[in-house]
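Given these sequences and hints, build the entire structure.
In order, the protein sequences belong to chains A, B, C and D. If you count by the UniProt record's numbering, then the first sequence holds residues 1 to 360, one letter each, in order. If you count by the UniProt record's numbering, then the second sequence holds residues 1 to 360, one letter each, in order. If you count by the UniProt record's numbering, then the third sequence holds residues 1 to 360, one letter each, in order. If you count by the UniProt record's numbering, then the fourth sequence holds residues 1 to 360, one letter each, in order.
Accuracy of the hints is not assured; some may be wrong.
Which copy is meant is left open, because identical chains are indistinguishable; a pair holds if it fits in one copy or across any two.
[Stated by the list, open to error] Taking lysine-lysine pairs in the PhoX-like style, the calculated list, with each CA pair at most 25 Å apart, reads: (1) 50 / 96; (2) 54 / 323; (3) 117 / 335; (4) 337 / 323; (5) 335 / 323; (6) 335 / 182.
Calculated from the structure, these hints are not laboratory results. The model shown is predicted, which means the values in this text are computed figures rather than measured ones.
Number of protein chains: 4
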Amino acid sequence: MVRIGLLTSGGDCQALNATMRGIVKTVINLSTEPVEIYGFEDGYQGMIYKRYRKMSPSDFSGILTRGGTILGTSRTPFKRLDTPEADGVDKVAAMKETYRDLKLDCLFMLGGNGSTKTANRLRAEGLSVIALPKTIDNDTWGTDLTFGFTSAVEIATKCIDDIRTTASSHGRVFVIEIMGHKVGWIPLYAAVAGGADACLIPEIPYDMDNVIAAIDRRMQAGARFTIIVVAEGAISRDEARLSKREYKKLVAERTSPSIVYDIAREIETRTGRETRVAIPGHTQRGGQPDAQDRVFATQCGVEAALGFLEGESGFMVAQRSGKMCRVPLEEVAGKLKYVDPGSDLVREARFLGISFGDEA
Amino acid sequence: MVRIGLLTSGGDCQALNATMRGIVKTVINLSTEPVEIYGFEDGYQGMIYKRYRKMSPSDFSGILTRGGTILGTSRTPFKRLDTPEADGVDKVAAMKETYRDLKLDCLFMLGGNGSTKTANRLRAEGLSVIALPKTIDNDTWGTDLTFGFTSAVEIATKCIDDIRTTASSHGRVFVIEIMGHKVGWIPLYAAVAGGADACLIPEIPYDMDNVIAAIDRRMQAGARFTIIVVAEGAISRDEARLSKREYKKLVAERTSPSIVYDIAREIETRTGRETRVAIPGHTQRGGQPDAQDRVFATQCGVEAALGFLEGESGFMVAQRSGKMCRVPLEEVAGKLKYVDPGSDLVREARFLGISFGDEA
Amino acid sequence: MVRIGLLTSGGDCQALNATMRGIVKTVINLSTEPVEIYGFEDGYQGMIYKRYRKMSPSDFSGILTRGGTILGTSRTPFKRLDTPEADGVDKVAAMKETYRDLKLDCLFMLGGNGSTKTANRLRAEGLSVIALPKTIDNDTWGTDLTFGFTSAVEIATKCIDDIRTTASSHGRVFVIEIMGHKVGWIPLYAAVAGGADACLIPEIPYDMDNVIAAIDRRMQAGARFTIIVVAEGAISRDEARLSKREYKKLVAERTSPSIVYDIAREIETRTGRETRVAIPGHTQRGGQPDAQDRVFATQCGVEAALGFLEGESGFMVAQRSGKMCRVPLEEVAGKLKYVDPGSDLVREARFLGISFGDEA
Amino acid sequence: MVRIGLLTSGGDCQALNATMRGIVKTVINLSTEPVEIYGFEDGYQGMIYKRYRKMSPSDFSGILTRGGTILGTSRTPFKRLDTPEADGVDKVAAMKETYRDLKLDCLFMLGGNGSTKTANRLRAEGLSVIALPKTIDNDTWGTDLTFGFTSAVEIATKCIDDIRTTASSHGRVFVIEIMGHKVGWIPLYAAVAGGADACLIPEIPYDMDNVIAAIDRRMQAGARFTIIVVAEGAISRDEARLSKREYKKLVAERTSPSIVYDIAREIETRTGRETRVAIPGHTQRGGQPDAQDRVFATQCGVEAALGFLEGESGFMVAQRSGKMCRVPLEEVAGKLKYVDPGSDLVREARFLGISFGDEA
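So this is what it looks like as structure tokens:
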């Protein structure tokens, strides 16, 4: 008998179900022993509070195309793993107990950076854990790609496409908020795919003067409209110079629900151009996975299952230079993969005329 | 020789180009005389300031599927038609002059309520004007349907679909802002099509207690998530009791860019449930027209052209009980078509369990 | 206690589940008594052979957006209702028995023309039956609209859109087969929505000379490509002159799987233009329902439920001039609603330059 | 002054315009000299017969999202480059002359395998040629990816998704023809992304007994439906054993327009299951490019332009292990990149239970 546990942790994405289907189908098809499957509800919460379902292979049929996660997910309560919660529960001990009680042979954890850190801790505590790189943000260290990313880029790009017709008709500037608090992968790809005119991301602090200048250049060249993609976590040069504490204070004091409202207001004031915002928001993690995402998610699931069947654990599935591989959890836990301001795609975007707001 | 002018006025929509194509193709194909076509830029502005292009039939080829308007549009400057602008221009006189100078036989005006009012004035001044009911809001009086509406409903519904997967995964309440400042047609249709749990529209003032109660009922019945559709112009019972002036003051003093932020905050506070917002915004008027919209837009264009070729003018094209017809401009100018709170669709929505926040 | 049965019969469509959800939600929400729901599998087969599931309201949750039917469907075995099948089963008697055994108060039947005929027979035999107008073909007599239709038109139109880019790039003629064996509603709407150049439907026999002439006119006017929409059951004038028996023989002797292959070959031979076919086929009844379809399907479901709760039966739900209503089953059973060659939309299509192949 | 020529050759795809936009924007933005752009019409035909347009940068604005090619394309007339055409034209000489007459500094050629062979010949004749790997089929040797591929996979996958709902409702087997005459990249990716049950590709000859067995296994396990993806050029083991000449003869003698009709008939006969076909056909190269395709197409365009500006030519742009690079034309000309039957994705697909019809 083989016993496996599954959980999905952190912000959801489109290809979580596709990934779990890949794991389960492969383990069932290749295992020489009978397989028992346990699905934990709402991420690590399910492990801590023993909320789980015994699942059958048929639960994973027909879910390839369904967004979200059939297990539910949560971000809490993992700010500090060793601090007991209000209810006094020792989280690590509780998870170990659940793992032992169910006699699990492996826990498959689909999650992003924070979740991988927890997975690494469980590994250090002696559990067999295999992580799978879930996040629309593509910011997981150690892998070129995460599942969720291509689907999110498609949706962000569709938003730019749709905004283009109305921006053009009215001769307006549009400031579009694209997901990415700490990293700018989705905004960067969507800006290139959507043909945006400027792209402000956390990794490249912007100067509003440069953004205004980019708009002016377009208008002088006869363009009717301008589209500016802004990451949720875009940061100005002035803000980038602040200490971490000062910046946190500044963010906490913001009254508008998104910086795109502030940026739009400043652009309208300084250029005299009608300026509007668009915020695709959570739709970027919603809906169905695109085909590329389903293929990659499936590959992640298969690779994780193979690793397990070969007796390995303590790794995260990854793709590097187009090949699936396994990287030790301790190497990747808690690290972020940022957009390199000197990378090819940023450079290519500049050649196309996309301003990052940092021009000399 | 036959000379026609075209303009698109007010907020843009997906099927403006499809409609113009319908007009031009029909006039060209059926007219016994050569046809000259003038396209005014940016709505009535083009007529006032003599900004127009002489166009050829081929300019209208291949635009059936393109959103926005190839002529550009604007909402200004028509608050008061008889008040001269800052530049001292007499707007009505200027438009009459342009019309006469170009020896137009007819002006085809694609616009919503405000624009139809202006069209009616031009008619009263002796110009031949034919209006076509453009608006995503479906609030034009005198017609059952406007072009733009079905496309906007599709996009609003797609937003609800996409939000559903993430709402379900995280067990959240989502408050989705759908376009409609004065009327609730898009929110109503999208709420039914998207399977929302509540729908707040301007025509039916809501009581937040009822909305909270609806959420509670769902949660008690075991639902993980709740989706609440809110029209831009949704109004609470308390607000509805204010005088027009008081209400205007209240709206002016709002600091958040949309009421959905305020509603979401109140829901989160009162229910203790994680609550998020989604604002599809201008994407609802962007992108390509759907098939139904293209058919209806084309029918509007053909009917307008036929009216012109039969020597009629001073009417707006309309659809009533499934038949295309023509209604006098003076009958419809400046009137809004509201959702009737006692109408079939509202009643049907209630049977399905959708709360309008006005339950006894 | 109230007991209702549900079945879906004939070719499937996108909005069957949405319709059933509308029925069940309304009955559950409005009924003063407890409700028992029986779902028959694979259409009338389930009734004859007692294959059914007792269902709970939650089975109808989350199915609004899912195409196909959760009950399964079948077209057989109803060529002759009174002829026993190979297994000797008396079909009518068996269905009556199932109905009585389950003590049903009503059978909700979602089906097209053939299925409605059977429903009417069951009504005549004393069962309470309510029919709902399901078919992508929109050919149900007695209602302006059927559910499935708008979704199918969207897909057919999307096919034309996609073909346009490749037709244009290569300078080709494309012949696109659109669903419609006996009627041309989908081809007609898709041809207008997709901007096709010709549209051949069963109701308007075509002459290939006219089609060739239409292509030639386009090419002479400088067009690079031509798109011809052809209903599955399009018929030439020569074929239309045959007796029913002769035509049947001719159809039976065809070797190519669709007439579009034959039409394309003839066009290529006669015009010397590269000609290709496209056959969206069963995708036209697949995938998710569009928003309009979901709204209409829901309205059908609600209306059927209301009729039942008001003690009515023996009717089909319909929409006429934009209003939901109920029409006696005996009035509609087995009748087809054809495209009227003199109708507004055909006339409008001609004004746009769409050839129906019957030009004088 | 810098003078560049552009042409698109062979079957069209979704991202040709996006690629050309990338080339032109980069050359314009980075070139220190004025740039003259010549667009050849309909591929190499335009070069041979001197059909070209002088183009401005604005011709390449707004085309990022438009499928097809604004230049037109053709597959002819290049079976044998040195054999004069019927009109006696010496093709190579004519192209050299056009190149010299226009004083071109470089020809950018967007094309697949056959087209690259011609490009290599022109290079050998002394022209500066840069090739860009265009093809939905992803079969260009020397690059991991071609533009067009991801868009085609999305469409093929969408077809499988749509067919699934109707296959499931009716309990049918569906045989879906996916593009790929010589290689199976699109079918393979779409089969994994769409969750197909079998996938027959040219690189892995199938035995119908295995396909039937796969269907039987599914049916015995309780599945209602089976989806079989078949590449246009799928080949049975018996056919694979034929000599090239015998196989060609066999193909020429086929009467059905696609092998899926024959395969479907055999399945229906042998399993007794209702079996239908679906043929997305040319829609797989139509419509708009997806976001991934636009990003990659743009990167190809930029890289080609950079090579030119750095004084290089005679290469094809490629992506290897995630990095853009340049490979000598002579290395890649006329070579096909096949699916390796032992590759990771094939292996992974097998683990998921996808049959390739070659099971032992």
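Problem set entry | Copy assignment of residue 337 with residue 323, given that the CA separation must stay at most 25 Å | both (18 Å within a copy, 17 Å between copies)
Exercise. With identical chains treated as interchangeable, where does the CA-CA distance between residue 117 and residue 335 reach 25 Å or less: within a copy, between copies, both, or neither?
Worked result: within (9 Å within a copy, 46 Å between copies)
For this session: Tell me, please, which holds for residue 335 and residue 323 at an alpha-carbon limit of 25 Å: within, between, both or neither?
Result: both (21 Å within a copy, 23 Å between copies)
Exercise. Within a copy, between copies, both or neither: where do residue 54 and residue 323 come within 25 Å Cα-Cα?
Worked result: Classified as neither; 33 Å inside a copy, 44 Å across copies.
Problem set entry | Up to 25 Å CA-CA - residue 182 versus residue 335, copy category | within (12 Å within a copy, 44 Å between copies)
Problem set entry | Identical-chain pair category, residue 50 with residue 96, by Cα at 25 Å | Within one copy only: 11 Å inside a chain, 50 Å across chains, cut-off 25 Å.
Consistency note: the structure conflicts with earlier hint 2 alone.
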